[in-house]
Amino acid sequence: MSAIRVFVPCDAAALSAGADAVAAAIAVEAASRGLDAAIVRNGSRGMFWLEPLVEVEMPDGRIAYGPVKVSDVPGLFEAGFLDGKAHDLLLGPAEEIDFLKRQQRLTFARIGVTDPLSFDDYRDHGGMAGFEKARAMKSGAIVEKITASGLRGRGGAGFPAGIKWRTVMEADALQKYIVCNADEGDSGTYADRMVMEGDPFMLIEGMAIAGIATGATKGVVYIRSEYPHAIAAMQKAIVIARDNGLLGAHFDMIVRVGAGAYICGEETSLLESIEGKRGQVRAKPPLPAHSGLFGRPTIINNVLTLAAAPWILTHGGKAYAEYGMGRSLGTMPLQLAGNIKRGGLFETAFGMTLREIVEDIGGGTASGRPVHAVQVGGPLGAYFPAGMLDTPLDYEAMLEAGGMLGHGGIVVFDDTVDMAAQARFAFEFCAIESCGKCTPCRIGSTRGVETIDKIVAGISPEANAMLIEDLCTVMTDGSLCALGGLTPMPVRSALKHFPGDFGQGAKRAAAE
Amino acid sequence: MSGAHSGHGQTSPPEAGRAGQIIAAEIAAAKDFLGADGVNAAALLPVLHALQAEFGFIDPALIPEIAAALNITKAEVRGVISFYHDFRTAPAGKRTLRLCMAEACQATGCKRIADHLADRHGLKPGDTTPDGSLTLQAAYCLGNCALGPAAMLDDRLAGQFDEAAVDALIAEVRS
Numbered sequence: 001m002s003a004i005r006v007f008v009p010c011d012a013a014a015l016s017a018g019a020d021a022v023a024a025a026i027a028v029e030a031a032s033r034g035l036d037a038a039i040v041r042n043g044s045r046g047m048f049w050l051e052p053l054v055e056v057e058m059p060d061g062r063i064a065y066g067p068v069k070v071s072d073v074p075g076l077f078e079a080g081f082l083d084g085k086a087h088d089l090l091l092g093p094a095e096e097i098d099f100l101k102r103q104q105r106l107t108f109a110r111i112g113v114t115d116p117l118s119f120d121d122y123r124d125h126g127g128m129a130g131f132e133k134a135r136a137m138k139s140g141a142i143v144e145k146i147t148a149s150g151l152r153g154r155g156g157a158g159f160p161a162g163i164k165w166r167t168v169m170e171a172d173a174l175q176k177y178i179v180c181n182a183d184e185g186d187s188g189t190y191a192d193r194m195v196m197e198g199d200p201f202m203l204i205e206g207m208a209i210a211g212i213a214t215g216a217t218k219g220v221v222y223i224r225s226e227y228p229h230a231i232a233a234m235q236k237a238i239v240i241a242r243d244n245g246l247l248g249a250h251f252d253m254i255v256r257v258g259a260g261a262y263i264c265g266e267e268t269s270l271l272e273s274i275e276g277k278r279g280q281v282r283a284k285p286p287l288p289a290h291s292g293l294f295g296r297p298t299i300i301n302n303v304l305t306l307a308a309a310p311w312i313l314t315h316g317g318k319a320y321a322e323y324g325m326g327r328s329l330g331t332m333p334l335q336l337a338g339n340i341k342r343g344g345l346f347e348t349a350f351g352m353t354l355r356e357i358v359e360d361i362g363g364g365t366a367s368g369r370p371v372h373a374v375q376v377g378g379p380l381g382a383y384f385p386a387g388m389l390d391t392p393l394d395y396e397a398m399l400e401a402g403g404m405l406g407h408g409g410i411v412v413f414d415d416t417v418d419m420a421a422q423a424r425f426a427f428e429f430c431a432i433e434s435c436g437k438c439t440p441c442r443i444g445s446t447r448g449v450e451t452i453d454k455i456v457a458g459i460s461p462e463a464n465a466m467l468i469e470d471l472c473t474v475m476t477d478g479s480l481c482a483l484g485g486l487t488p489m490p491v492r493s494a495l496k497h498f499p500g501d502f503g504q505g506a507k508r509a510a511a512e
Numbered sequence: 001m002s003g004a005h006s007g008h009g010q011t012s013p014p015e016a017g018r019a020g021q022i023i024a025a026e027i028a029a030a031k032d033f034l035g036a037d038g039v040n041a042a043a044l045l046p047v048l049h050a051l052q053a054e055f056g057f058i059d060p061a062l063i064p065e066i067a068a069a070l071n072i073t074k075a076e077v078r079g080v081i082s083f084y085h086d087f088r089t090a091p092a093g094k095r096t097l098r099l100c101m102a103e104a105c106q107a108t109g110c111k112r113i114a115d116h117l118a119d120r121h122g123l124k125p126g127d128t129t130p131d132g133s134l135t136l137q138a139a140y141c142l143g144n145c146a147l148g149p150a151a152m153l154d155d156r157l158a159g160q161f162d163e164a165a166v167d168a169l170i171a172e173v174r175s
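Heads up: the protein sequence lines correspond to chains A and B, in order. For the first sequence, the residue numbers in this note's numbering are 1 to 512. For the second sequence, the residue numbers in this note's numbering are 1 to 175.
Just so you know, these hints were derived from the structure itself, not from any lab. Some hints here could point you the wrong way.
To be verified - Straight line, CA to CA, 20 Å or less: simulated DMTMM-like cross-link-like pairs of lysine to aspartate or glutamate:
(1) 74(B) to 275(A)
(2) 69(A) to 162(B)
(3) 94(B) to 32(B)
(4) 454(A) to 418(A)
(5) 138(A) to 120(A)
(6) 31(B) to 418(A)
(7) 111(B) to 127(B)
(8) 85(A) to 29(A)
(9) 85(A) to 95(A)
(10) 111(B) to 95(A)
(11) 101(A) to 356(A)
(12) 111(B) to 453(A)
(13) 236(A) to 32(B)
(14) 236(A) to 155(B)
(15) 277(A) to 86(B)
(16) 111(B) to 418(A)
(17) 277(A) to 155(B)
(18) 31(B) to 252(A)
(19) 124(B) to 32(B)
(20) 341(A) to 356(A)
(21) 111(B) to 428(A)
(22) 236(A) to 252(A)
(23) 111(B) to 415(A)
(24) 101(A) to 57(A)
(25) 277(A) to 37(B)
(26) 94(B) to 37(B)
(27) 138(A) to 172(A)
(28) 101(A) to 360(A)
(29) 111(B) to 414(A)
(30) 437(A) to 477(A)
(31) 124(B) to 252(A)
(32) 341(A) to 162(B)
(33) 437(A) to 76(B)
Please model the entire structure based on the sequences and the hints provided.
Okay, structure coming up:
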């Protein structure tokens, strides 16, 4: 009889909840009872309130238990969890858990299911199909599929991927590059990290497909230093991918590690950083597609954009475009974070409202207090008040509501939050992370902090609220990149929707 | 012009020899993959990461050697070191604790944890314990945003980090 397979995630968030110790305890307990259990370290299903989520493979599917603590392990064996028996932590069949069942997982289909570094698992679960199709296709046909899918840049800007790919394909150069932006610095986001830790071959396959489509033979994935587990997983996966022909003379890649600068998530700063320079923003044009890494034509895409390519090549651009609404096609991995009861990764077609995702899927706040503000799209995204939760989550609707979807991070705050402090932090963060190249961002951010402090202290609050508005206009219109250009978004939304937190002067200014 | 170690810094001569090997290895790796594009500064970030991993900091006395090996100016090396939050030019604690201070962790009370570190343990971001066992740094997102407040001790990620976890961690690093 073969060993019973028990799955314990190796995702960094699961590890932070104690997954390593739980895996070790299961191994020890099984051995002491003379039971044959094989522990597989899978990625995370993305239901973090249930981590460590332990699954046992049964003939008709996997049975989930969670959140499992080391002290629960003897009891689980006692109850017969290797046979899927009842226990207080029993959640039933993993795939039937409501949070998972309601998703439309295209990019995340394998994550939490497979062993991230098993190439056999990868192939058995549909991996390599897109790459093999791409190798038999003309480059124009590959780009055509990406264009037909409607895929837009998942890093935040939402630029159509097909246009970027076509530009690089048509560029005439001896060397071109595929650069993957894995500098996932937005607070409230972790989807890129989960992809790299949970299904690294998918990202490699996406980059290889982009290489074949454009004639780029080299790639670089730039991963932030705050993600040591993702760095290790990608480095191991690249070696395995070379052994299995996914990487090779046709396309090869390396990992580059960032050094703690948020600005390097901006694409031109990221290129400067790979080139060994200060991560300062480049003026555009030239676009990276014309003159990118080392001056060569370069596709620079976010992890989720490149990770969508294998699915699109396998199933077709039209199949991908059947998900979503309007000009936001396909699926978006949303990331529920902050003060939320059920926080985690929720991949779904564009168009769900903020209320559905925060209240229905996420269960409201973890503290049990009322939802007061929801920041969507990272530190540069707007704060939505409870009254605006019916806004749909797609690129255009968020823009219309004065916000942005960004990289899909959704951070929930309860009613203990001080929105003046959040607005101040937006300026402060911009001051800490500004690359210093343009004045509105470099100086404006510091003046913003000082001016918010004056408003809160009651010093000419009305005049200073007007000054903030003026400063925001200058930063929006005059900054070189999105850091200075979008810092006004959280500030203005906080002032507009939560004037009460800023004292009387701001209240009157907002009413005008 | 020689890029040799000046000998006036904190890195002793045998370590300077080790530094030379590290610099050469990273330059070779960059050229190996990037070919003609892998010259000059292309290896600088990997060089700095590798030096800091080996010695715990980047000795300013090594800057002339790094610059000469990469064929860039000392000012360029200095400029890159000072730009990135990760790099430091003086020794720090044996271990590093990064406490996330970004929005998702603000929503779950990271400020309370920072206050506890300051009030109970006398540690503010940037500080090192007097015994040199731990340096505290502020981080802006560790990617554990559904299990905040998040912190990371070297490469070990923590979630739902509370006062008790702080005290246990301080005891662990001091033992």
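Hints, verified against the model:
| no. | hint | result |
| --- | --- | --- |
| 1 | 74(B) to 275(A) | holds, 16 Å |
| 2 | 69(A) to 162(B) | holds, 17 Å |
| 3 | 94(B) to 32(B) | violated, 33 Å |
| 4 | 454(A) to 418(A) | holds, 16 Å |
| 5 | 138(A) to 120(A) | violated, 28 Å |
| 6 | 31(B) to 418(A) | violated, 51 Å |
| 7 | 111(B) to 127(B) | holds, 16 Å |
| 8 | 85(A) to 29(A) | holds, 17 Å |
| 9 | 85(A) to 95(A) | holds, 17 Å |
| 10 | 111(B) to 95(A) | violated, 37 Å |
| 11 | 101(A) to 356(A) | holds, 15 Å |
| 12 | 111(B) to 453(A) | holds, 18 Å |
| 13 | 236(A) to 32(B) | holds, 18 Å |
| 14 | 236(A) to 155(B) | holds, 17 Å |
| 15 | 277(A) to 86(B) | holds, 14 Å |
| 16 | 111(B) to 418(A) | holds, 13 Å |
| 17 | 277(A) to 155(B) | violated, 26 Å |
| 18 | 31(B) to 252(A) | holds, 14 Å |
| 19 | 124(B) to 32(B) | violated, 42 Å |
| 20 | 341(A) to 356(A) | holds, 14 Å |
| 21 | 111(B) to 428(A) | holds, 15 Å |
| 22 | 236(A) to 252(A) | holds, 14 Å |
| 23 | 111(B) to 415(A) | holds, 16 Å |
| 24 | 101(A) to 57(A) | holds, 18 Å |
| 25 | 277(A) to 37(B) | holds, 14 Å |
| 26 | 94(B) to 37(B) | violated, 36 Å |
| 27 | 138(A) to 172(A) | holds, 17 Å |
| 28 | 101(A) to 360(A) | holds, 14 Å |
| 29 | 111(B) to 414(A) | holds, 15 Å |
| 30 | 437(A) to 477(A) | holds, 15 Å |
| 31 | 124(B) to 252(A) | violated, 43 Å |
| 32 | 341(A) to 162(B) | holds, 17 Å |
| 33 | 437(A) to 76(B) | holds, 16 Å |
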